[in-house]
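Taken in sequence, the protein lines are chains A and R. If you use my numbering, the first sequence corresponds to residues 1 to 113, in order. If you use my numbering, the second sequence corresponds to residues 1 to 116, in order.
Careful, some of the hints might be misleading.
[As the list claims (entries may be wrong)] Cβ pair distances, simulated, as ranges:
no., chain 1, residue 1, chain 2, residue 2, range
1, A, Ser108, R, His10, 22 to 32 Å
2, R, Glu62, A, Gly85, 18 to 28 Å
3, R, Ile12, A, Lys70, 22 to 32 Å
4, R, Ser80, A, Ile112, 21 to 31 Å
[As the list claims (entries may be wrong)] Subject to a maximum C-alpha distance of 30 Å in a straight line, what follows is the list of computed DSSO-like cross-link-like pairs (lysine-lysine):
no., chain 1, residue 1, chain 2, residue 2
5, A, Lys70, R, Lys57
6, A, Lys16, A, Lys70
7, R, Lys9, A, Lys70
8, R, Lys9, R, Lys57
9, R, Lys9, A, Lys73
10, A, Lys73, A, Lys16
11, A, Lys3, A, Lys73
12, A, Lys70, A, Lys3
It is worth saying that the hints were derived from the structure and are not from the lab. Ideal Cβ placement from N, Cα and C applies to all residues, glycine included.
In case you want the letters, here they are:
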Amino acid sequence: AQKITQTQPGMFVQEKEAVTLDCTYDTSDPSYGLFWYKQPSSGEMIFLIYQGSYDQQNATEGRYSLNFQKARKSANLVISASQLGDSAMYFCAMRESGNQFYFGTGTSLTVIP
Amino acid sequence: DSGVTQTPKHLITATGQRVTLRCSPRSGDLSVYWYQQSLDQGLQFLIQYYNGEERAKGNILERFSAQQFPDLHSELNLSSLELGDSALYFCASSVSQRGPRDNEQFFGPGTRLTVL
């Protein structure tokens, strides 16, 4: 079974609107962490946000928030007030307690002016 | 600029050869991670070092090895190279000390390896 599933290969959003990028995960480890990364067309990788499995509140970092639903094993990224610079590939990842990382296949987000 | 440096930026070599990729973490970061991004395999975690010690191992081939030196820079050695090893290799660093930002990773610009 896939450890991380991102079901949206491509997404479009109007500038200034909010968008949700889906991510589901599979683990039996009670202690894990969930990450989101952004990769613009220039190729660099940018860490966006982290959520620990024991964190009580959803993580937020500026316009990014992680909608963590533990029972459903989902960790969706919400980007509010989209900007043209948000156009990029977005990767969801999970780290289990043994520090092994697993990545999803990514979602390509295009922000339309 | 993340503060993480990787050299070289590009590397072109032939099958069967050996190469070394170098990473210097941000000042003060103790952890170094190596990742491979290829069209075939997507993003894969290879290995993590913390303060000179191997902390976690991912999908790293036996032909690949890494180490972290006392000054905390790290090298990834790839040997007996195959066409399928062509990829973008990222290094990332993090503080890795208990605190609110200990999971934040900073990525280098990557080394693009082409095996001909």
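These are the hints, each one checked on the structure:
no., hint, verdict
1, A:Ser108 - R:His10: 22 to 32 Å, "24 Å, holds"
2, R:Glu62 - A:Gly85: 18 to 28 Å, "41 Å, violated"
3, R:Ile12 - A:Lys70: 22 to 32 Å, "46 Å, violated"
4, R:Ser80 - A:Ile112: 21 to 31 Å, "47 Å, violated"
5, A:Lys70 - R:Lys57, "26 Å, holds"
6, A:Lys16 - A:Lys70, "29 Å, holds"
7, R:Lys9 - A:Lys70, "40 Å, violated"
8, R:Lys9 - R:Lys57, "24 Å, holds"
9, R:Lys9 - A:Lys73, "38 Å, violated"
10, A:Lys73 - A:Lys16, "28 Å, holds"
11, A:Lys3 - A:Lys73, "11 Å, holds"
12, A:Lys70 - A:Lys3, "15 Å, holds"
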